[in-house]
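Enquirer: All chains should be built: construct the whole structure from the sequences, respecting the hints.
In the working numbering, the protein residues as written are 155 to 405.
Hints were generated in silico from the structure; no laboratory data involved. Any given hint could be a false lead.
Distance condition first, Cα-Cα at most 30 Å in a straight line; then the derived BS3-like pairs of lysine-lysine [what the hints assert, rightly or not]: (1) 357 x 372; (2) 156 x 211; (3) 211 x 184; (4) 156 x 184.
With beta-carbon atoms standing in for the labels, derived distance ranges [what the hints assert, rightly or not]: (5) 351 x 278: 31 to 37 Å; (6) 220 x 159: 31 to 37 Å; (7) 224 x 278: 32 to 38 Å; (8) 404 x 355: 20 to 26 Å; (9) 218 x 319: 43 to 49 Å; (10) 319 x 391: 32 to 38 Å; (11) 404 x 319: 35 to 41 Å; (12) 351 x 281: 22 to 28 Å; (13) 247 x 210: 17 to 23 Å; (14) 225 x 298: 16 to 22 Å; (15) 322 x 262: 19 to 25 Å; (16) 346 x 224: 47 to 53 Å; (17) 322 x 302: 19 to 25 Å.
Nothing here was measured: the structure is a model prediction, and the numbers come from that model. Think of the CB as a built atom: it goes at the ideal place given N, C-alpha and C, for glycine as much as any other residue.
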Amino acid sequence: GKEGFELTLQVAQMATEEGHLQVAADAYEKLLEQEPNDQRVWQPLLAVYRQLGDEDKLNDLAASTLDALLEPSARNLVRMERALYLVADEDRTPDAVDVLREILDEEPDHQEAGRMLAELYERAGYDEDLVDLLNRQLDVAIDNQDADNIADVSLRLGQLLEQVRRDDAIDVYRRALEFVPEERRVIERLLALLGDDDDPRFKIEIMEKLLGVETGQKAADLSRQLYQQWSELGDESGMQRALELGYRGCP
155 GKEGFELTLQ VAQMATEEGH LQVAADAYEK LLEQEPNDQR VWQPLLAVYR QLGDEDKLND
215 LAASTLDALL EPSARNLVRM ERALYLVADE DRTPDAVDVL REILDEEPDH QEAGRMLAEL
275 YERAGYDEDL VDLLNRQLDV AIDNQDADNI ADVSLRLGQL LEQVRRDDAI DVYRRALEFV
335 PEERRVIERL LALLGDDDDP RFKIEIMEKL LGVETGQKAA DLSRQLYQQW SELGDESGMQ
395 RALELGYRGC P
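Expert: This is the structure we're talking about:
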């Protein structure tokens with residue numbers, strides 16, 4: 155009955171906590187026969203199978219549970235246990251990648267799966283795949299107006315692209331600054347990429363963003379430099395802004 159079920163559940167939980175995994179597995183299996191769709195049973199049993207290294211039972215339970223679940227977040231709890239099992243074995247990286255991609259197909263903003271997949275790609279040197287993944291994560295961060303993630307993902311993506319596709323890296327940083335205009339790390343990274351062959355006006359505009367976050371003597375020096383550069387372009391409003399921003403940073 156119900157009391158017996160709850161008692162066995164407690165035994166299984168205690169056995170798991172104390173590291174008696176086979177005892178826990180036996181108890182959860184009995185419970186699973188009674189309540190195959192009870193998350194309090196299938197979720198810890200998946201974790202126990204993973205810790206026991208019993209891939210056959212893990213896969214069988216994952217398959218039967220996935221068939222019964224409709225909610226993406228619940229389905230992804232199942233997949234996550236398989237992913238954690240596969241990630242532990244470097245030889246199984248392609249299988250782990252497949253499972254993590256399934257998670258992200260159902261929940262594009264699943265942060266743990268995104269982080270694990272990015273780490274796998276980096277470890278395996280899948281640069282092109284990593285670029286695709288980070289682009290998707292950046293789109294999600296922008297949709298969610300998640301400023302911290304926009305900055306962090308843009309920096310990772312930009313640094314990856316800098317090595318091979320400099321113009322794309324510049325575009326990533328430029329786009330990031332539309333959403334996080336005062337993010338110093340992005341501003342400095344973009345300035346470091348821009349050279350003499352780039353549009354001078356664009357470079358000065360980015361320097362102006364840096365002046366907006368500088369203080370003290372650095373602000374004063376940058377203000378003079380910007381004033382001079384706007385002056386060479388004959389841009390009086392730019393010269394005025396350089397003075398105002400410099401004064402704000404170093405009154």
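Enquirer: Taking 17 to 23 Å as the hint, is the beta-carbon distance of residue 247 and residue 210 inside that range?
Expert: holds, 20 Å
Enquirer: Would you say the C-beta atoms of residue 220 and residue 159 sit inside 31 to 37 Å of each other?
Expert: Check failed, 23 Å falls outside 31 to 37 Å.
Enquirer: Within 31 to 37 Å or not, the Cβ separation of residue 351 and residue 278?
Expert: holds, 35 Å
Enquirer: Quick check: does the Cβ-Cβ distance between residue 218 and residue 319 fall within 43 to 49 Å?
Expert: Taking Cβ atoms as reference, residue 218 and residue 319 lie about 45 Å apart, which means the hint holds.
Enquirer: Is the gap between the beta carbons of residue 225 and residue 298 within 16 to 22 Å?
Expert: Holds, at about 20 Å.
Enquirer: Are residue 322 and residue 262 spaced within 19 to 25 Å by their CB atoms?
Expert: Distance hint for residue 322, residue 262 holds at roughly 21 Å.
Enquirer: Regarding residue 224 and residue 278, is the given constraint of 32 to 38 Å on their beta-carbon distance met?
Expert: holds, 33 Å
Enquirer: Kindly confirm whether 19 to 25 Å is satisfied by the beta carbon distance between residue 322 and residue 302.
Expert: Cβ of residue 322 to Cβ of residue 302: about 23 Å, so the range 19 to 25 Å holds.
Enquirer: Does the beta carbon distance between residue 351 and residue 281 stay inside 22 to 28 Å, or does it fall outside?
Expert: With Cβ atoms ~25 Å apart, the hint holds.
Enquirer: Does residue 211 pair with residue 184 here, judged by a C-alpha cut-off of 30 Å?
Expert: holds, 14 Å
Enquirer: Is residue 357 close enough to residue 372, meaning Cα to Cα at most 30 Å?
Expert: holds, 18 Å
Enquirer: Are the Cα atoms of residue 156 and residue 211 separated by 30 Å or less?
Expert: holds, 26 Å
When held up to the earlier numbered hints, the structure conflicts with hint 6 and nothing else.
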